[in-house]
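**Q** Build out the structure end to end from the sequences listed, making use of the hints.
Chains A and B, in that order, are what the protein sequence lines are.
If you use the numbering used here, the first sequence corresponds to residues 1 to 187, in order.
If you use the numbering used here, the second sequence corresponds to residues 1 to 240, in order.
Don't read these hints as lab results, they were simulated from the structure.
These numbers were taken from a predicted model, which means no experiment stands behind them.
Wrong hints could be hidden among the right ones.
Stated by the list, open to error - Covered, in the sense of this in silico footprint (three residues per stretch, anywhere, with C-beta under 8 Å from a C-beta of chain A), are these stretches of chain B:
| # | segment |
| --- | --- |
| 1 | 6-13 |
| 2 | 16-28 |
| 3 | 54-62 |
| 4 | 161-168 |
The beta carbon of each residue, even a glycine, is placed where N, CA and C say it ideally should be.
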Amino acid sequence: MFGKKAHSDQVIIDHIRQGGVQRSRYESIFYRQFAYFVSTRPAKYALSDEEARDAYTEAFMAVVDHIVSGRFKGDSSLKTYLSRIFRNKCVDRFRKNTTIKVEWVDEFPDLPDDSRDFLRQMVGVEMVQQVEHYIGKLGKGCQDLLRYSGRGYSPAEIAAELGFSSARSVSSQRYKCLGRLRKIMGR
Amino acid sequence: MEEQIDKYLQGQLSAEERVAFEARCKAEPALTAALVDFVTAEHAARRYARQARFDALNGVYDELAAAGKTTVRTLNLRTYVMVAAAAVAVLAAVFVGYQQLQTPTPEGLYAEYVTPFPLSFQRGASTDTLNQLSEVYYQGDYEKAITLTQDLLTDSTAENRNKLYMCLGMSLLLKDQATEAVAAFQQVAPVSSFIENAQWYTALAYLKANDIESAKPLFEEMASSDHYKRQAAAEILENL
Chain A
1 MFGKKAHSDQ VIIDHIRQGG VQRSRYESIF YRQFAYFVST RPAKYALSDE
51 EARDAYTEAF MAVVDHIVSG RFKGDSSLKT YLSRIFRNKC VDRFRKNTTI
101 KVEWVDEFPD LPDDSRDFLR QMVGVEMVQQ VEHYIGKLGK GCQDLLRYSG
151 RGYSPAEIAA ELGFSSARSV SSQRYKCLGR LRKIMGR
Chain B
1 MEEQIDKYLQ GQLSAEERVA FEARCKAEPA LTAALVDFVT AEHAARRYAR
51 QARFDALNGV YDELAAAGKT TVRTLNLRTY VMVAAAAVAV LAAVFVGYQQ
101 LQTPTPEGLY AEYVTPFPLS FQRGASTDTL NQLSEVYYQG DYEKAITLTQ
151 DLLTDSTAEN RNKLYMCLGM SLLLKDQATE AVAAFQQVAP VSSFIENAQW
201 YTALAYLKAN DIESAKPLFE EMASSDHYKR QAAAEILENL
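**A** This is the structure:
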């Protein structure tokens with residue numbers, strides 16, 4: 001608010017949608033710009049600093065996802081949009097409803113609805129819930145690659161970030177990492 | 001097979017290809033198993049990425065907090081209103097003060113234009129008291145002059161009554177007793193040679209008392225006539 005000049009909404013949106021290094025840079029700028037929300041959270045929810053920080057980070061990640069997916073239409077300013085979601089997250093925390101409600105099929109946003117239904121039939125929920133702790137058993141290289149991949153970075157962007165020779169080698173390595181994961185999971 | 005599954009999950013298959021893929025999955029247990037493995041691994045990877053990102057952002061926040069950069073001086077609406085009201089009040093006060101500097105107050109005008117009326121009581125006047133009055137008036141001892149003048153005026157046959165009323169009025173005015181001064185000036189007879197002086201000082205006395213409503217008609221009358229103070233009266237009117 002005071003001090004450094006804030007970037008306009010459009011600049012932030014454009015760079016986040018641009019992906020890659022620019023996305024990382026402007027996510028960081030955007031995150032820092034409104035981090036003070038944590039200190040101005042509604043007092044009535046009596047959240048600790050840590051809880052409010054987590055609520056802010058969750059809200060921020062949701063907003064970035066909405067920017068990337070196009071769900072954020074620009075009907076309000078980013079500040080207003082983020083503030084609204086942050087308040088909702090504070091309410092969730094206040095109600096001890098701290099589980100991030102992301103259904104596992106939401107991890108595949110590019111799939112049509114009927115295919116999501118198909119996946120639900122094919123893949124049991126328990127099966128999905130079991131696998132998360134296995135990923136920590138992968139090597140650092142695979143963890144990094146899957147982290148970027150999971151964040152929606154394209155193979156070309158991952159190649160630039162992690163020093164792969166080409167996007168194709170990133171895709172190839174990703175399959176290998178997923179194969180290792182399946183092996184660790186005993187499949 | 002993996003590439004096909006990956007394309008399916010990334011939504012990169014056409015509608016026909018997608019339907020065909022799903023039909024194959026239902027018919028081929030091995031493909032279904034591969035799909036399930038891929039989905040669970042992919043999901044785990046994405047959840048992992050999400051958690052890593054969450055932790056990294058929280059780390060950014062913690063750094064900001066450690067540097068004291070997570071709090072800003074924000075003003076709520078009420079505070080904004082109060083600050084704005086205070087700013088308006090200060091600006092108004094400055095404006096009024098400036099206006100006052102630009103426009104003299106009535107008392108300021110009085111101070112600018114008042115000068116003691118030169119009353120001459122010739123030496124060798126008929127009474128000692130009149131001689132004493134002349135002396136104290138010129139010495140600026142207006143309190144004494146008021147007492148002496150009032151003593152002289154108790155004698156209804158006293159000479160120079162109009163001059164004495166002028167002396168009394170002037171002394172009262174210069175002792176900041178404007179209302180009493182007006183009463184004294186009003187005792188000067190209309191046919192007296194002091195009537196114009198009495199009018200001028202009466203108007204000044206009204207200014208001194210901040211009674212603009214009474215002063216203005218007098219100045220207007222003087223300014224529109226051949227009064228000896230018409231120029232000064234016009235100047236004062238411009239500032240009233």
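**Q** Next, verify each hint and record whether it holds.
**A** Quick rundown of the hints versus the structure:
1. 6-13: holds (count 6)
2. 16-28: Per the Cβ count (3), the hint holds.
3. 54-62: holds (count 6)
4. 161-168: Not satisfied, violated; 0 residues make the cut.
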